[in-house]
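Participant: The chain contents come next:
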Amino acid sequence: MLIDTHIASVAAKEWTKVLSILTSELRDLSLAEEMTQEAFVKAIEQWPASGVPQRPGAWLLTVARRGAIDRLRRASVGREKTAVVARLEQSISPAATAVDTSLVRDEQLQLIFACCHPALSLETQLALVLRCVLGLSTKSVAHAFVVSEATMAQRLVRGKRKIKQSAIPLHMPDDAVLTDRLAVVHSAIYLLYNQGYLSGNQDKDPLDVSSEAIRLARLLASLMPESSETKALLALLLLIESRSEAHETDKTIVLLADQDRTLWRWPLIDEAQHLLDQSLKLGKGGLYQLQAAIASLHCIHDPEATDWTQIELLYRSLITAADTPVVRLNHCVAVAMTTSPAQALVLLAPLEEALNNYHYYFSTKGELLYRNGQYDEARQAFERALSLTQNKKEKAFLRNQITKGQL
Amino acid sequence: MKYAALIYSDETNHEINPDPSSEAFGPMMAGYMAFGEKHGAKLAAGEPLTPTAMATSVQVRNGETLTTDGPFAETKEQLGGFYIIDCDTLDEAIAIAADIPHAATGTVEVRPVPDFHKG
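Those sequence lines, one after another, are chains A and B.
Letter by letter, the first sequence follows residues 2 to 408 in this note's numbering.
Letter by letter, the second sequence follows residues -6 to 112 in this note's numbering.
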């Protein structure tokens, strides 16, 4: 059993590289995925007896290529396929130079960009990323999205079919669209992280999707070392992750100011600060960079020392870059600290129409009203927030706000 | 690889879809001429359509041909023309579709044309 776990983890490290090389050679994601999967099954069958090969990636790739050759030979052979088979045979012949799976930057990026193509729906992008880029089983991916395995399998098949039939490119995006396409990948990773947060709240998630999102952010940051926003995204996720344990107890959520900061994972915070510094050297003002900068100002040992002036300024920059009601809501919280709760309430009022069903809007409003001495209104706001969330811990937190304030 | 670029636009909006007799018609046509010149090499076909008021919908049921005045479906934006783009990838097709003048005011739907002869 121990050996099997070891083998599985050695193999798992090679998944992205093997599948991305094979996809690039076959120009067919579905076939490449199937052959990679078969190679992994063979590894798990054979390695316990034969031992883990010296270069597991090369072993897996060779087995997957042989599988592809057999499959293509058996299928009706068109001219294009004959050429693919010839190239594959060349690549596995003893004369061919050994496969170096350590240097496959472009192929891995191509796979990520194909799975996060804006022509695919967001839910399809996230499913493909988990299955194809990160190599999770369809069953695990289904769990993460709280759908049946059959539904998820269907979603993956449709996604791969669209990639093939509409010829979503399996090569690098043109420079003209690279920034936009990278932003799509960033947004998929960020949403994946949040998906982990959401499904984690249901107490039955066997897969840590948030960790998978961080793993992907790390991979992307290593493949795109010159991207300021990719580093900033990774920094932001690490900062949120560092506080995740302190953010909630078994029963309730804990506000930033009240969290036990000894529970924070300081090595992650240090790593994030370093990434943020590097990001700032590469460029300034990206959305993830602004958010990471704000998060990093919160990540200090003494909450009393929080630099709210700087945070408020950064929220203003964020509003200039991407004006959304939620960003403005967070800005109000900073204004309450730099100016007064009364001033924050003035800025908050116009957001109510857009955020009328958002429990966090009403809990923030309740908090600001309470600090402004408007206790009756505060209670009403907390009660409205209570009616808008089904999450048990959020509810416990809101009830506690009402009792604590004797409202 | 062939893609159909189906151009949808609000035909009742005369700023977006000017009458041939109006002054705005010339500049709109010039936009399409420029588009054709830029991407001509990758355009296999392309035609404008008359407004949906000219449409006749045809259905055959039990061997009987039924004709109805008007388009198949009433929608906010109507099919007003199309191109067949011949290029290698969806990214290329999207880039070309984005240059169609009505993409700026309406919607261009890009759909791959299946190739049943390819293995």
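Worth flagging that the hints you see were computed from the coordinates, not collected in a lab.
Any given hint might turn out to be false.
Said to hold, decoys possible - With a Cα cut of at most 27 Å, we get these calculated BS3-like pairs of lysine-lysine:
| hint | chain 1 | residue 1 | chain 2 | residue 2 |
| --- | --- | --- | --- | --- |
| 1 | A | 163 | B | -5 |
| 2 | B | 31 | A | 82 |
| 3 | A | 43 | A | 82 |
Stated by the list, open to error - One side only, chain A facing chain B, incomplete, derived with CB under 10 Å:
| hint | residue |
| --- | --- |
| 4 | 118 |
| 5 | 177 |
| 6 | 180 |
Said to hold, decoys possible - Computed list of chain B residues with no C-beta within reach of chain A, every gap over 12 Å:
| hint | residue |
| --- | --- |
| 7 | 54 |
| 8 | 72 |
| 9 | 82 |
| 10 | 83 |
We treat Cβ as the ideally placed atom computed from N, Cα and C, and that holds for glycine.
Participant: Does each hint fit the structure? Answer for all of them.
Facilitator: Hints, verified against the model:
Annotation: proposed proximity of residue 163/A to residue -5/B holds, straight-line Cα distance about 15 Å (limit 27 Å). Simply put, residue 31/B and residue 82/A have alpha-carbon atoms about 34 Å apart, too far for the 27 Å limit, and the pair is violated. Under the criterion of a C-alpha separation no larger than 27 Å, the hint pairing residue 43/A with residue 82/A is consistent with the structure, at around 25 Å. With a cut of 10 Å, the hint placing residue 118/A at the interface with chain B holds, because the nearest CB-to-CB distance is about 8 Å.
Interface restraint check: residue 177/A against chain B, minimum CB-CB distance 8 Å, threshold 10 Å, status holds. With a cut of 10 Å, the hint placing residue 180/A at the interface with chain B is violated, because the nearest CB-to-CB distance is about 14 Å. With 12 Å as the threshold on Cβ separation, the claim that residue 54/B sits away from chain A holds: the shortest Cβ distance comes to roughly 31 Å. Chain A leaves residue 72/B outside its interface by the beta-carbon criterion, the shortest separation being 20 Å against a cut-off of 12 Å.
Interface exclusion of residue 82/B from chain A breaks down, the closest Cβ pair being 4 Å apart, not more than 12 Å. Interface exclusion of residue 83/B from chain A breaks down, the closest Cβ pair being 5 Å apart, not more than 12 Å.
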